[in-house]
Each structure stands twice: as structure tokens, then as C-alpha cells.
Amino acid sequence: MKQNFRFSGTGGQGLITAGIILAEAALLDGLLAVQSQSYGPEARGGSSKAEVIISDRPIRFGRVTHPDTLLVMSQEAADKFSGDCDASSLIITDSLFVKDVRAEDARRVDLPITHTAREVCGKPLFANIVALGAVVALTKCVTTESLERAVLDRVPKGTEDANKKALAAGYEIAKKAV
Amino acid sequence: MSRVLLLQGNQAVVEGAIAAGVRFYGGYPITPSTEIAEGMAKRLPQVGGKFMQTEDELAGIGTVVGASLGGVKAMTATSGPGFSLKQETIGMACSAEIPCVIVDVQRVGPATGQPTSPSQGDVMQTRWGTHGDHWLIVVSPSSVPECFDLTRRAVELSEKYRYPVILLMDEIVGHMRERIELPDSYEGLSVPRRKQPDTPPEKYLAYADTDGSMVPAMADFGSGYRWHMTGLVHDETGFPKGTPAATKNSQDRLHLKLRDHEDDIVQVENYRTDDADVVVIAYGGAARTAYDAVDMARDEGIRAGLLRPVTIWPFADRQIQAVAKKAKCLLVHELNCGQYVREVGRAVRGLVPVDLYAKYDNEPATPEQLLEKIRESAEKIKGAK
Amino acid sequence: MKSMEELVDFYFRPNRLPHLWCPGCGNGVVLGALLKAIDAENLAKDDVAIISGIGCSSRASGYVDFNTANTLHGRALPISTGLKMARPELNVITLSGDGDCSAIGGNHLIHAARRNIGLTLVVFNNSIYGMTGGQYSPLTPMGKKATTAPYLTIEPSFDILALAQAAGATFTARATTYHVPILVDVLRKGIRHEGFSIIEVVTGCPTNYGRQNQIGAPAKMMEWQKDHGVMKAAWDKMDEAAREGKFPIGVLSERKDLKEYTKAYDEVIVRAQASVKEETA
Chain W
9 MKQNFRFSGT GGQGLITAGI ILAEAALLDG LLAVQSQSYG PEARGGSSKA
59 EVIISDRPIR FGRVTHPDTL LVMSQEAADK FSGDCDASSL IITDSLFVKD
109 VRAEDARRVD LPITHTAREV CGKPLFANIV ALGAVVALTK CVTTESLERA
159 VLDRVPKGTE DANKKALAAG YEIAKKAV
Chain A
-5 MSRVLLLQGN QAVVEGAIAA GVRFYGGYPI TPSTEIAEGM AKRLPQVGGK
45 FMQTEDELAG IGTVVGASLG GVKAMTATSG PGFSLKQETI GMACSAEIPC
95 VIVDVQRVGP ATGQPTSPSQ GDVMQTRWGT HGDHWLIVVS PSSVPECFDL
145 TRRAVELSEK YRYPVILLMD EIVGHMRERI ELPDSYEGLS VPRRKQPDTP
195 PEKYLAYADT DGSMVPAMAD FGSGYRWHMT GLVHDETGFP KGTPAATKNS
245 QDRLHLKLRD HEDDIVQVEN YRTDDADVVV IAYGGAARTA YDAVDMARDE
295 GIRAGLLRPV TIWPFADRQI QAVAKKAKCL LVHELNCGQY VREVGRAVRG
345 LVPVDLYAKY DNEPATPEQL LEKIRESAEK IKGAK
Chain S
19 MKSMEELVDF YFRPNRLPHL WCPGCGNGVV LGALLKAIDA ENLAKDDVAI
69 ISGIGCSSRA SGYVDFNTAN TLHGRALPIS TGLKMARPEL NVITLSGDGD
119 CSAIGGNHLI HAARRNIGLT LVVFNNSIYG MTGGQYSPLT PMGKKATTAP
169 YLTIEPSFDI LALAQAAGAT FTARATTYHV PILVDVLRKG IRHEGFSIIE
219 VVTGCPTNYG RQNQIGAPAK MMEWQKDHGV MKAAWDKMDE AAREGKFPIG
269 VLSERKDLKE YTKAYDEVIV RAQASVKEET A
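If you read the sequences in order, they're chains W, A and S.
Mind the numbering: the first sequence is residues 9 to 186 in my numbering, read in order.
Mind the numbering: the second sequence is residues -5 to 379 in my numbering, read in order.
Mind the numbering: the third sequence is residues 19 to 299 in my numbering, read in order.
Rather than coming from a laboratory, the hints here were simulated on the basis of the structure.
From the three backbone atoms N, C-alpha and C, an ideal C-beta is built for every residue, glycine too.
Incorrect hints may have been included.
Over 12 Å on every C-beta distance to chain S, these chain A residues come out as not near it, computed from the model [what the hints assert, rightly or not]:
{"no.": "1", "residue": "E49"}
{"no.": "2", "residue": "D192"}
{"no.": "3", "residue": "H222"}
{"no.": "4", "residue": "L350"}
The list that follows gives simulated cross-link-like pairs (lysine-lysine, DSBU-like), each with its CA atoms no further than 30 Å apart [to be verified]:
{"no.": "5", "chain 1": "W", "residue 1": "K172", "chain 2": "S", "residue 2": "K295"}
{"no.": "6", "chain 1": "A", "residue 1": "K235", "chain 2": "S", "residue 2": "K63"}
{"no.": "7", "chain 1": "S", "residue 1": "K295", "chain 2": "A", "residue 2": "K36"}
{"no.": "8", "chain 1": "W", "residue 1": "K165", "chain 2": "A", "residue 2": "K36"}
{"no.": "9", "chain 1": "A", "residue 1": "K322", "chain 2": "A", "residue 2": "K235"}
{"no.": "10", "chain 1": "A", "residue 1": "K235", "chain 2": "A", "residue 2": "K319"}
{"no.": "11", "chain 1": "A", "residue 1": "K189", "chain 2": "S", "residue 2": "K63"}
{"no.": "12", "chain 1": "S", "residue 1": "K63", "chain 2": "A", "residue 2": "K197"}
{"no.": "13", "chain 1": "S", "residue 1": "K20", "chain 2": "A", "residue 2": "K197"}
{"no.": "14", "chain 1": "W", "residue 1": "K165", "chain 2": "S", "residue 2": "K295"}
Please build the complete structure, drawing on both the sequences and the hints.
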């Protein structure tokens, strides 16, 4: 079992944190994980990406050359980071920001991620956690228990309830979409 | 008891240093090594150690040498531009035989280059960066757990041989996050300190080889053993001496004390090399690509293997020659235009062809790309038959 | 107090003499005054570290029986700083020349002063690079000759104590090799000062500065020091015109409002360890 994830969007959307949380959830499940990310000015302005590989066997090469799951949360990121997807890839888009992706034949699920974060948690800030919920609901790459624990270990004190709500909302919109 | 964590390579270096007993860090922030400074700033005072953000790279390594004179295990970290600046003082640490660890998390160079992109362009600089004739110890990790282990080993070797040791990393390993299992307590993980004098202070000679190991005992400043450190050529008393004999003796020591302990210092990892026709040689972050490429080559029937130098310097002549005797071709893969490959060529002395896959476009090679090169090398051997 | 002969016997390392300084060089006077100060302060040899850079004056560290290091050009202060961090109980005395300290090591000077780390920095200011044969330094006055200024220097020189004060030094003092009792006194005060102290010593280099600038014999250079060094109290009462070409000696500034760096760091350790306790609680 080996799954490649790429989370991409705009700097500030919390996608690198989302990548770290997903990798930590995998470790909690007893799996192995490697996480890497784009750095520098690119990671702040403009588009940013985090990559996670989850496997039950040792992971050597740590970059994703062909995402099994691509999360795109901005049109620019979709333009830049969807080119190496194909029919076997799942592309999850934030429908608020993304219209086109560069892999026509990929399986595509459009979700109102940021919209839901605003509706359910009151802030678009929680979009990354909503997205994580959706990704896990659609891929079953980690257990929801581990995901919740990994989220709660990472987020600031006092925001636990809002984050739990965001996760639940993520599961919900994913289930509704399929 | 232990805990499983997802850590960056740079963070694992911090933990390895703390575990090894490093209690002083002086350095200047520079991408992609800054997380090491940040981690040390947080962790060192927690264990009673001290961290200093110095005014520049020169002061970073300078404070490290000073702290080491005081008997404290000391470390600094930097990247290419800062590594260049530190060279003169690294040379003094060689000459005066001062234990310390210098981490170089490589980025694309020369000059400012690309601060956040991987490269292995400093591999020869670690060997020949400072002026003058000397040997040096360099070790290079390929994974996050190995960052922890090799940082400890770097401290251990520096204390054992009374010499600077360089931990050569690259952006790939420094920044990636990976699973690591760390013990809850670092008790028992601290590495032995430098040899202490067993003579009374009035008989102590700071550079005398008293036990034939070529490693003199080093007393701490302030311990009652008063001695003199100098960057000038010196004799066993530690005081400057410019005679041809004193000069030769001092140069000999800076070579022989490592050369004669190569068995203890030099480590490589052999991965599927036993029956391999094509042996890839790769180190640091580039080796991660190589494991996968070797497995893929095996899947298509090519007998491939990987020799990964863990100790970069002294060079693993013997280990590479041993592999070259059995293999039909060596393929060096490194993230530069071809540096280490020259040493490999020198070591195998025409025994087998040495191919090179040099990747220097700021991205690591993918396993598929390296596989293609393995296929080409394998094809060439067939043609040669 | 020990006589000079007794001081040499007690503090000099056997077999390290003769020293390499030229006849008439002021460096020996500075080193002698430093030994007097250390002796008067009753510091045990084991509790003193003498760290120097590179240059004529920096060779002093090798002659005397303490924990000593003759390091790299410009780097005496960082190495002293690291040692002080490792061993705050040591009296770390840094010896540096005008070039070593204000040119190649200038950045370290301002930051050591800013941090107020408890080092005693003694700057042997002979206005020239002596070891390499007479090139100008940042402390060579304007309009002087040097081998690298055959047509006279055109660069203004630093007032190194004003520079250190501006950078935050909490103790600054100056003396000359003529004013030895004052030199010993300010060295003692500098050693006692808890934070960073800098003592500039105006000293003569007859071989490479005096000769090029036709000042004459070593005694003439001493006379010049006598005529141009003015005690701080007198200096304060002088007007601009009277001060022309002269310089104040004695303790020029002293502050006690700033915590010494290693002591401040001890508080960092306390805060860091408290935060661990909080985390694990």
C-alpha cells in the first residue's frame, strides 16, 4: 500500500500544516510517511504545495511525481501542479477557486471547502481542516480516529471544538459528493 | 520508553546533538539550515546548555572553538555561503586539534545560488575547503533517523579524534519530515568526552602522543592544566616551532591520525550489492532516489545495487574497491556536475568503468530518471561482452 | 607587590623568552602592566585565560603561564566569547592589536560590546600593522605614512573607545605605555568590571611606525605619549582648542545598569527549564 498526496493552493491556506497532520495521522496508524513542501518566497505569496507519501513499506524517494490524490485550492495551483495527474488520480478541488485542471481524464470531485469552513466554523481559516476531512473520507488513507488526534495535537489550544466541527464538515461534504 | 515523531532532518540533528551532550551552539541563521539554530535556541537552555546567535558566520565557528577549549561539546550549522566563511576557523580547529561539529546543509551555489533548492555542490569543499594540507572527517545522512544517529556519531568522532567533524546534509534531508522514534530520555546517549590527561599538570604536554593513538589528551581551559593553543605550526608542547622537522611532524599528524583509524571512521552501506553488475554510488539525499531505482532495476532483471558512503571523508577506498572487483560497472549519482565521481575513478583505478549521472537542475532525480541511467550502464556492459 | 623580576619569574613560561618584539617596542610594557594588574587582583593562574588574535601584540599570549590561545586574525573576541560562555567563572582577557580588533575583527568588537559579555579586551594600539611591516590600520591617524600609504593616509581614524561606547560598552578606558601606573590601574578596574570592558593602550612601534613617520627613537615616542595623554579630569575642563591633538586617559566611561551576558543567559536557562516543567505538568 502506497499513496501519494499533493496539497496545493495559495500560501496562507494552511496546506503545509494539513500535509504534516496527514503524515502524523499515518504514523499514529502505524504506517510510514514522508512529507515535503515548497519553500521560500514561493511558499508565502503565490502558490504553495505540500506533498505526503504514506506507505506500509519504507519510503525512499520522498517527492511525489504522480499524485494519487491532488488537492487544489487555487486556480494557479491547479495550473501549476495538476499536469502530472492521469486517469488514476483523484483531484479534489475547492469549487470556490478552481475551474479547470490540466488532467482531463482524472477523477474529479469539486467540493465547497472554503465555503463550508466559513459556514460551519465562521472562518475560512479552517478550510485546510475541512479539506483534510474530505481527503480522508474519499481515500480512507488513515483512520478518522488518528486524523482527529493528529489535528488536535497540532492546533492551538482553545480551537479544538472548531477543528472537530471542520473535520466533520469535511467528511460530510465528501460523502455528499459521491 | 520512546515516542514516535514526524520530524524534519534539521530537527533530528538538534535532538541528536542534545543526546550526544552538545551544550553549546554558536551560529548565524541561513537557509536551509535555520531550523537547526531555532531548535538549538529552544532546546539547549532546557538542558542547561547555551545558544548564541552570533553576529556573523565567522563568530559562529569562533565561539564554538572557544567553548570547546572550555571543555564543552560544541556545534554550529550553516549552508554553503556560511560554510565558505567558516573555512579559515575550521582550518585552525584542524591545526590546533579542537573537537567541534560543523553542519553544512547544502543548497544550490556558488554565491547565493538557490537557498531552498537541493544540491550536493559542497562535497569537495568539505574536503578541501580550508587552506593548507589536512584530513577531515565528513559524514552524510540520508534519512531523518540517520540525522539523529550521525549527529551523535559526528560529535563522538570529533571528541574521540580531537578534530573537527562535518555533518554534510542537503536540502532534501534537512527539510523533509519523516518518522523517527526517539527515546523519552537521552540518558546514556551522551558520547564520551575527549581524552583527559593522565599526567600531573606540570608534566602535561598538550600535543604529546602519549599512547600511540596520535590523539593527544586535551585538558579543559580552567581545569588546572594550563596550555597554549596556537594556529601556528607547533610541536608537542603546543608552542610555535618552525623547524622542518616540527613542520613535518605536525603535517603528518593531521593526516595519519585519521588515515590510521580509517577502519573505525569509514562506514558505507551496501544495498543489494552482493551479486550486482551495476553498482550505484550515491550519498545523502540523492541516495534516496537510488534505493528505489535499484529496486526497479532488479524488478526488470538488471542486477543493480547501491553503495552508499555514510562517511564521505576519509574516502571509502577499500569498500569501493571491494565492490568494484565484483561489479561490472559503477554508476555515481550526485546532485552536482560530477565531484565525488573523480574520487571513485581514482579509487577503482580502471578496474571497472565509472559512469556518472550528474543532476544539477535544483530538483532531485526521480527513481525513473536514475533507472534509465542504470539501464544504459547495464546495456553498455552487455555490449562490452 | 612583586618586583618586575619576580613577576617575570612567576608568570612567564620558562623557555619562551626571548620574545619577538623589537627593541623599543611598547608591547612588553603593556604585558608587564597586565601581569601587575593580574597579580594585584590576586587572580590564580588557573582562573585566567588570555586569548589573542594575530599580530605582534597577540604573541603575548604565548609567553605567559595561563590558559592561553593565539587564535586567528580578527577572531580573538568570538573565541573568547565562546570560552566565557563555556566557563563564566574564568577571567577571560582578550589581547588584540589595532588592526586585529578594529579592521578584520571590527564586527566582533561592536557586538561583544553590545552584548556586554564579561571579557576584558586590551587593545594594543600602535597605529600600524607591525608584524607585516608597517601597513596602515583604521587607527592610523590621517596624513601619516605607511607602506600601503606611501603618499600619506587619507582615511580618518576611529576613536575606538567612542566606537565601543556607541556600541554599548559598559567600561572604556585608555592609557599609554608612558603612564604605567595609570595603565595598571585601568587594567585592574577593567578586570573587576563585570561586563564588557575595553582598555586602549597607546603604544609605540618605533620600527614600523616611528621610522616611517620620522618620529625618532623609542624615547621620543614615549615623550609624545606623555605630552598628548591628558588625565580624564583635566581633559573634561579643557576647551576644544586645548584638546587639539591630545587624548584623554583614565577610565572614560563606566555603566553598571546592564546585566553581564552570561548572567543574562542564566536567566534564559531558568525560563527555558520553567517552560519544560509547564509542558510536562
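**Pair hint outcome, K20 (chain S) versus K197 (chain A) [Cα-Cα no greater than 30 Å]** = holds (26 Å)
**Request:** Could you grab the alpha-carbon distance between K165 (chain W) and K36 (chain A) and see if it respects the 30 Å cut-off?
**Result:** Holds - the C-alpha atoms of K36 (chain A) and K165 (chain W) are around 20 Å apart, at most 30 Å.
**Message:** Please verify whether K295 (chain S) and K36 (chain A) have alpha carbons no more than 30 Å apart.
**Reply:** Holds, at about 14 Å.
**Asked** Holds or violated: are the alpha carbons of K172 (chain W) and K295 (chain S) at most 30 Å from each other?
**Response** Given pair K172 (chain W), K295 (chain S) holds - Cα atoms ~29 Å apart, limit 30 Å.
**Asked** Is H222 (chain A) truly not at the interface, in the sense that its beta carbon sits beyond 12 Å from all beta carbons of chain S?
**Response** For H222 (chain A), whose nearest Cβ neighbour in chain S is about 5 Å away, the distance does not exceed 12 Å, so it is violated.
**Asked** Taken at face value, is the distance from the CA of K63 (chain S) to the CA of K189 (chain A) at most 30 Å?
**Response** holds (23 Å)
**Request:** Could you grab the alpha-carbon distance between K63 (chain S) and K197 (chain A) and see if it respects the 30 Å cut-off?
**Result:** holds (16 Å)
**Message:** A cut-off of 12 Å on Cβ-Cβ distance, and D192 (chain A) was said to be off the interface with chain S. Does that hold?
**Reply:** Correct as stated: the minimum Cβ-Cβ distance to chain S is 19 Å, above 12 Å.
**Asked** CA of K165 (chain W) to CA of K295 (chain S), is that 30 Å or under?
**Response** holds (18 Å)
**Prompt:** Can we trust that E49 (chain A) is non-interface, i.e. its beta-carbon lies farther than 12 Å from all of chain S?
**Reply:** Since the minimum Cβ distance to chain S is about 4 Å, E49 (chain A) lies within 12 Å and the statement is violated.
**Status of L350 (chain A), Cβ more than 12 Å from any chain S Cβ** = Given that every Cβ of chain S is farther than 12 Å from that of L350 (chain A), nearest at about 38 Å, it holds.
**Asked** Regarding the pair K235 (chain A) and K319 (chain A), is the alpha-carbon distance no greater than 30 Å?
**Response** With a Cα-Cα distance of about 46 Å, the restraint between K235 (chain A) and K319 (chain A) is violated, given a limit of 30 Å.
This entry does not satisfy hints 1, 3, 9, 10, going by the numbered hints stated previously.
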